[in-house]
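Chemist: Let chain A serve as the given structure and place chain B on it in line with the hints.
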Amino acid sequence: MKQNTISETATHNSAAAVSLPISLTSITKKFGEFVALDEVSLDIESGEFLTLLGPSGSGKTTLLMVLAGFVRPNYGSVRFGDREMILAPPHKRDLGMVFQNYALFPHMSVAENVGYPLRLRRVGRSELTDRVNRALDLVQLGSYGDRRIDQLSGGQRQRVALARAIVFEPRILLMDEPLSALDKNLREHMQIEIRRLHDRLGMTTVYVTHDQREALTMSDRIVVFNEGRIVQLDHPSQLYERPNSRFVAEFIGESSFLPVNLRDGIAYLDDQIVPTSAPLPEGSHGSLVLRPEKMDIIREGEGSGDMIVLEGRCKEQVYQGESCLLYIDLSGGVEVAMRQSTRRDIMQRLPGSGDIVRLGLHPEDAIIVSGGA
Amino acid sequence: MSEQIISYPNQSALQVDERREDRRNLLLMAPALVMMTVVILVPIGWLFFMSFWGENGFTLEHYQRMSHPGYRLTFIRTFQISVLVTIMSVLLGYPVAYLMTKSSPRVASIIMMCVLLPFWTSILVRTYAWLILLQRRGIINGWLMDAELIDRPLRLVHNMTGTVIGMTHILLPFMILPLYSSMKAIDGDLLKAARNAGATPSQAFRQVFLPLSVPGLAAGIVVVFVLCLGFYITPEILGGGRIVMWSKQIQNAVTLHATWGPASALGVVLLVVTLGTLWIMTRIFRINRFLGGL
Numbered sequence: 583m584k585q586n587t588i589s590e591t592a593t594h595n596s597a598a599a600v601s602l603p604i605s606l607t608s609i610t611k612k613f614g615e616f617v618a619l620d621e622v623s624l625d626i627e628s629g630e631f632l633t634l635l636g637p638s639g640s641g642k643t644t645l646l647m648v649l650a651g652f653v654r655p656n657y658g659s660v661r662f663g664d665r666e667m668i669l670a671p672p673h674k675r676d677l678g679m680v681f682q683n684y685a686l687f688p689h690m691s692v693a694e695n696v697g698y699p700l701r702l703r704r705v706g707r708s709e710l711t712d713r714v715n716r717a718l719d720l721v722q723l724g725s726y727g728d729r730r731i732d733q734l735s736g737g738q739r740q741r742v743a744l745a746r747a748i749v750f751e752p753r754i755l756l757m758d759e760p761l762s763a764l765d766k767n768l769r770e771h772m773q774i775e776i777r778r779l780h781d782r783l784g785m786t787t788v789y790v791t792h793d794q795r796e797a798l799t800m801s802d803r804i805v806v807f808n809e810g811r812i813v814q815l816d817h818p819s820q821l822y823e824r825p826n827s828r829f830v831a832e833f834i835g836e837s838s839f840l841p842v843n844l845r846d847g848i849a850y851l852d853d854q855i856v857p858t859s860a861p862l863p864e865g866s867h868g869s870l871v872l873r874p875e876k877m878d879i880i881r882e883g884e885g886s887g888d889m890i891v892l893e894g895r896c897k898e899q900v901y902q903g904e905s906c907l908l909y910i911d912l913s914g915g916v917e918v919a920m921r922q923s924t925r926r927d928i929m930q931r932l933p934g935s936g937d938i939v940r941l942g943l944h945p946e947d948a949i950i951v952s953g954g955a
Numbered sequence: 003m004s005e006q007i008i009s010y011p012n013q014s015a016l017q018v019d020e021r022r023e024d025r026r027n028l029l030l031m032a033p034a035l036v037m038m039t040v041v042i043l044v045p046i047g048w049l050f051f052m053s054f055w056g057e058n059g060f061t062l063e064h065y066q067r068m069s070h071p072g073y074r075l076t077f078i079r080t081f082q083i084s085v086l087v088t089i090m091s092v093l094l095g096y097p098v099a100y101l102m103t104k105s106s107p108r109v110a111s112i113i114m115m116c117v118l119l120p121f122w123t124s125i126l127v128r129t130y131a132w133l134i135l136l137q138r139r140g141i142i143n144g145w146l147m148d149a150e151l152i153d154r155p156l157r158l159v160h161n162m163t164g165t166v167i168g169m170t171h172i173l174l175p176f177m178i179l180p181l182y183s184s185m186k187a188i189d190g191d192l193l194k195a196a197r198n199a200g201a202t203p204s205q206a207f208r209q210v211f212l213p214l215s216v217p218g219l220a221a222g223i224v225v226v227f228v229l230c231l232g233f234y235i236t237p238e239i240l241g242g243g244r245i246v247m248w249s250k251q252i253q254n255a256v257t258l259h260a261t262w263g264p265a266s267a268l269g270v271v272l273l274v275v276t277l278g279t280l281w282i283m284t285r286i287f288r289i290n291r292f293l294g295g296l
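Protein chains in written order, with this note's numbering: chain A, 583 to 955; chain B, 3 to 296.
The set of hints was computed from the structure by calculation and includes no laboratory data.
Ideal placement from N, C-alpha and C gives every residue a C-beta, glycine not left out.
Hints are supplied without guarantee of correctness; some may be wrong.
[Claimed, not checked] If the Cβ cut is set under 8 Å, some of the chain B residues that face chain A in the computed set are: (1) 31; (2) 32; (3) 198; (4) 199; (5) 200; (6) 202; (7) 213; (8) 214.
In isolation and in its complexed conformation, chain A is listed as follows (with noise of 0.2 Å):
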């Protein structure tokens, strides 16, 4: 989180010149009944690397699709900076673009490749194998330009990809799911890899995925999308910390919830008040929602100052290598999970299997979504 408010300031101070704001406007379409996009409206700021984040045939792909001119839209306005591009053909658009699958010219070398868009632009030769040989020291693939694309691993494929996206100079850059083909570590990676570059280059991104941990690494702001909509919009520690909704907080990192009782503006859990700092929801049910690793095992003896307590008993143990899941059975009948450190001191005193034990929950922590469980 740290790492995304620097390069924030970083970006928007320096790199007016070298990126657009995108403005959407009530961007709607419809294949047949199916509605993919509804009334989306968006504004992304100039030299912002921006997420679309939701399950698949939420519509995150349909608007790239329609930003970059692939699909074109029932109604709605698409602007970059102060321009209508509605109506622009895709050539026309001026967008650098990463495609899930890489689409690299199997008939081209790699520097053909990266240098396909500028010979589209009429660059000298000259200027060319400069320009394509920076981009590609950029992606660290400086002595790959007279490979086949056959010979290439999937990692250097990604970043050829990347190479040919930014050779131009784009002032915006899309990404529809560049690394779900890439093994985990490889993967993470390239995540750091892709953020400093766009740091350093300054272009708006908009960037595609299905991974929220993907998308809370790399972006300044995320959008969770949602059956075509939008759901929530804001940056990644507040959309972890604040889910707007029990779609938000289940699809992005993992949740049990716990039905609440809502009246007159204070919720309670089985006639016990929860303290909750966070603006409660409309209506008179709501879910409680349980982080893992935001709970704590309060022991015998220990005092639980003004913690949410929740009693249970221990059902299972999962051991994960740096964490370990404990499932516990609350005596409301709900199962949640939480987890624990496997550090030396945490794991000696862990709960056995059928133990009771006493959850303990910060109520700057507790969080309360509409809909009960």
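Modeler: Frame of chain A; chain B shown alone:
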């Protein structure tokens, strides 16, 4: 020198087992191999032998006869027609294959049926159908006359025109099918990537789609051209005796001469020329590179 003997568990038994499996797999090929030998290799050997065999033993006279201008004309005519039919097939087949890849699966399968139905119909039937369509008082001339677009029937058949029309129709599926399968394999995102990079639709087609469809195009061209070289029935019927292709020349040689020698020599030349053409074409299109590279 004593060989160091290390024994691994079951090593030799497993090797024997593997060899036995190889032999069994080879056995699967046996019927085809026998068939090939009896039906193709032996007769071709026999053909070679007879083409060098005259009344007084070994001779080259059958080959020397081929310097006759009549033969040369046939030879040139055969190539002319083959080239023309191949070009026509490309011009007509490429758009159809392209349309199929761009259509919805339902429409594509309807087009596919339209391509395959004639493909499954007898060549003889289709050739006579063309005769009925194209002849002097045929359907096409009838319509054109009724529409008063022409006042005399066009000479559409019993000449080069009819031969090329008929052969193109019959060979078109051999162009469309490989083209379609190679176009189908082109990732649609590649065209999007080209458009996104700044290519107009026609640039994206020329610089990305066309080069990637070359393997199918090459396969189609090679197959159509090679089949053309040996075509017999269609030029015979639609050419009306005026169009003499190489295979017709072979038949003439059989009926004209009492021996098999001259016909065999013509057959050998057709075979060698066909193989040569095939070799040159694979060089031109570098089919191997495409097969290995994609």
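Chemist: The structure should be examined with respect to each hint, and the outcome stated for every one.
Modeler: Results of checking the hints against the structure:
Proximity of residue 31 of chain B to chain A is violated relative to the hint, the smallest CB-CB distance being about 31 Å (cut-off 8 Å). Checking residue 32 of chain B against chain A: minimum C-beta separation of about 37 Å lies over 8 Å; hint violated. Annotation: interface hint on residue 198 of chain B holds; nearest CB of chain A at approximately 5 Å, less than 8 Å. With its C-beta approaching chain A no nearer than about 4 Å, residue 199 of chain B sits inside the 8 Å limit, and its interface hint holds.
Checking residue 200 of chain B against chain A by beta carbon gives a least distance of about 4 Å; that is within 8 Å, so the hint holds. A least Cβ separation of about 6 Å between residue 202 of chain B and chain A falls short of the 8 Å threshold, and the interface hint therefore holds. Because the beta carbon of residue 213 of chain B sits about 5 Å from the nearest beta carbon in chain A, less than 8 Å, this interface hint is met. Against a cut-off of 8 Å between C-beta atoms, the interface hint on residue 214 of chain B holds, since the closest Cβ of chain A lies about 6 Å away.
Checked against the numbered hints given earlier, the structure breaks hints 1, 2 and satisfies all the rest.
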